[in-house]
Amino acid sequence: GENVEQHPSTLSVQEGDSAVIKCTYSDSASNYFPWYKQELGKRPQLIIDIRSNVGEKKDQRIAVTLNKTAKHFSLHITETQPEDSAVYFCAASLGAGNMLTFGGGTRLMVKP
Amino acid sequence: GAVVSQHPSWVICKSGTSVKIECRSLDFQATTMFWYRQFPKQSLMLMATSNEGSKATYEQGVEKDKFLINHASLTLSTLTVTSAHPEDSSFYICSPGQANQPQHFGDGTRLSIL
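Chains A and B supply the protein sequences, listed in that same order. Okay, so the first sequence: first residue is 75 according to our numbering, each after it adds one. Okay, so the second sequence: first residue is 153 according to our numbering, each after it adds one.
Among the hints, erroneous ones may be present.
Residues on chain B that point at chain A, a partial pick, calculated with CB under 7 Å [stated by the list, open to error]: (1) L196; (2) L198; (3) T201.
Sample of chain B residues with no beta-carbon within 12 Å of chain A, all distances over it, derived [to be verified]: (4) C165; (5) T169; (6) Q194; (7) S241.
Simulated crosslink set (BS3-like; lysine-lysine; CA at most 27 Å straight-line) [said to hold, decoys possible]: (8) A:K132 / B:K172; (9) A:K116 / B:K166; (10) A:K145 / B:K193.
Simulated from the structure, these hints should not be mistaken for lab results. Where a beta carbon is used, it is the ideal one built from N, C-alpha and C, also for glycine.
Please work from the sequences and hints to get the whole structure.
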């Protein structure tokens with residue numbers, strides 16, 4: 075089955091700096107890669123996703139890149155703000171709507 | 153995004169009690185329901201996948217006789233934790249699946265077994 079590795083497990087940045095979280099996956103058949111933000115005690119919320127036919131996708135301060143050959147994808151957050159502090163999870167699946175395999179999560183702390 | 157309603161949000165009960173968690177997709181018909189479990193400071197782990205009107209498929213290590221899943225309609229699925237014990241204490245989250253659509257999650261149920 076699919077295995078998703080996520081790094082780093084914790085990340086501390088100064089407000090305004092950029093944050094990068096990286097994930098690798100094992101199953102070359104995976105073709106859908108969402109990212110979720112989870113605040114303490116709350117549900118994971120989808121913040122951005124990318125399909126394998128695209129190499130990069132951007133939404134305001136958030137961007138995701140995908141390298142299918144290397145089987146890794148990354149989340150980039152620019153101009154970080156304190157409200158970006160949360161746990162971020164990457165995931166992989168065989169397509170949107172299919173079961174997700176999650177990475178271990180990254181606890182992002184943005185210091186004001 | 154999709155509207156998902158999950159109840160209850162928090163349950164505290166004695167060991168040996170059975171607990172039922174409901175998950176409803178309010179604005180679309182979910183042919184598939186995914187149930188995840190999340191222990192403190194850990195990631196989400198898929199427990200089982202259910203399709204409307206058929207038996208659920210359980211992930212390795214998840215006891216199907218302990219975690220009963222019913223998916224009787226396209227908008228409602230239930231997870232029953234039978235004879236719960238302290239090691240079952242966790243955050244249980246449902247996610248209705250819709251083909252080619254991103255997954256969204258219910259608010260989760262925090263289960264604490266004393």
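Evaluated hints:
1. L196: holds, 5 Å
2. L198: holds, 6 Å
3. T201: At 6 Å from the nearest chain A Cβ, B:T201 passes the 7 Å test, so the hint holds.
4. C165: holds, 19 Å
5. T169: holds, 22 Å
6. Q194: violated, 8 Å
7. S241: holds, 14 Å
8. A:K132 / B:K172: violated, 40 Å
9. A:K116 / B:K166: Judged against 27 Å, a Cα distance of about 24 Å means the pair holds.
10. A:K145 / B:K193: Holds. A:K145 to B:K193 sits at ~26 Å (cutoff 27 Å).
The structure fails to meet hints 6, 8 from the earlier list, while all remaining hints are met.
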